[in-house]
Amino acid sequence: MDTAQDLPIFNHFAADFKQVGPRRAHMEQYFRALGLWSTDQVEEIRAYRVEDRCIKLREKKNKKVSQLYFEYVVDYGVWISLLGAGNLSETDHPWPHPASAKPDRKDFSGGISRSYRDWLLRNGPLPKSKGESSKAPKSEASAKDTATPGPQSQPAVVAETSQKTRAPTKETVTRYDPSIPFALQAKRAAAANAARQSS
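Residues 1 to 199 in UniProt numbering are what the sequence shown spells out, letter by letter.
Derived from the structure by calculation, the hints contain no laboratory data.
Incorrect hints may have been included.
As the list claims (entries may be wrong) - Listed below are the simulated DSS-like cross-link pairs for lysine-lysine, each with C-alpha atoms no more than 25 Å apart in a straight line: (1) Lys18 with Lys102; (2) Lys56 with Lys106; (3) Lys18 with Lys106; (4) Lys64 with Lys106.
What the hints assert, rightly or not - Ranges between beta-carbon positions, derived for each pair: (5) Asp16 with Glu59: 27 to 33 Å; (6) Ala47 with Ala189: 57 to 63 Å; (7) Gly86 with Ala47: 18 to 24 Å; (8) Asp16 with Ala47: 21 to 27 Å; (9) Gly35 with Lys63: 40 to 46 Å; (10) Ala190 with Leu121: 49 to 55 Å; (11) Gly35 with Ser109: 32 to 38 Å; (12) Pro94 with Trp37: 14 to 20 Å; (13) Ala189 with Asp118: 55 to 61 Å.
Here a beta-carbon is modelled for each residue, glycine too, at the ideal position from N, C-alpha and C.
Taking the hints into account, I'd like the entire structure generated from these sequences.
Okay, here's the thing in structure tokens:
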């Protein structure tokens, strides 16, 4: 069934699209009738839509949003994705709820979105704007804590290579004999180096 005429008659207004449970039950009935409902696929799409929505909310610097709003926009995204997976048009199968009735981002009557809050905790805080500085000055120690692993930045490498170090000379190079214990050789080498430096 790929056209609206082939579908059984659905009363989209019978479902309360502001509530998660009735909305999702209606979506499942509708997409089952279209032959597009696969629980595994819907779970994958929903996970993708949750991640995508969280990224967009963080980019807009939202610290929290309402549960009603978050789940509504995720379900809308699932609706659109399922239509896309079935190569169906949004025009023939529009979202059954008017855009003007979308829950407000700051309507906390149903609480805050735990999904978004948990995502923020896992993925880090809101990014700081370029002009914003932290309250406490950064010390060298705190900079090391926030550094990402991998190659150091160019200025640090320049600073290390710009220091004048003595090239090793024949006298400073110590050769070790594998037949003698290393600790014994290291003590002898340290004593010899100390004697050379004192003279």
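Hint check:
| no. | hint | in the structure |
| --- | --- | --- |
| 1 | Lys18 with Lys102 | holds, 8 Å |
| 2 | Lys56 with Lys106 | holds, 16 Å |
| 3 | Lys18 with Lys106 | holds, 14 Å |
| 4 | Lys64 with Lys106 | holds, 8 Å |
| 5 | Asp16 with Glu59: 27 to 33 Å | holds, 31 Å |
| 6 | Ala47 with Ala189: 57 to 63 Å | holds, 60 Å |
| 7 | Gly86 with Ala47: 18 to 24 Å | holds, 19 Å |
| 8 | Asp16 with Ala47: 21 to 27 Å | holds, 25 Å |
| 9 | Gly35 with Lys63: 40 to 46 Å | holds, 41 Å |
| 10 | Ala190 with Leu121: 49 to 55 Å | holds, 51 Å |
| 11 | Gly35 with Ser109: 32 to 38 Å | holds, 37 Å |
| 12 | Pro94 with Trp37: 14 to 20 Å | holds, 18 Å |
| 13 | Ala189 with Asp118: 55 to 61 Å | holds, 57 Å |
Violated hints are absent here; each numbered hint is respected by the structure.
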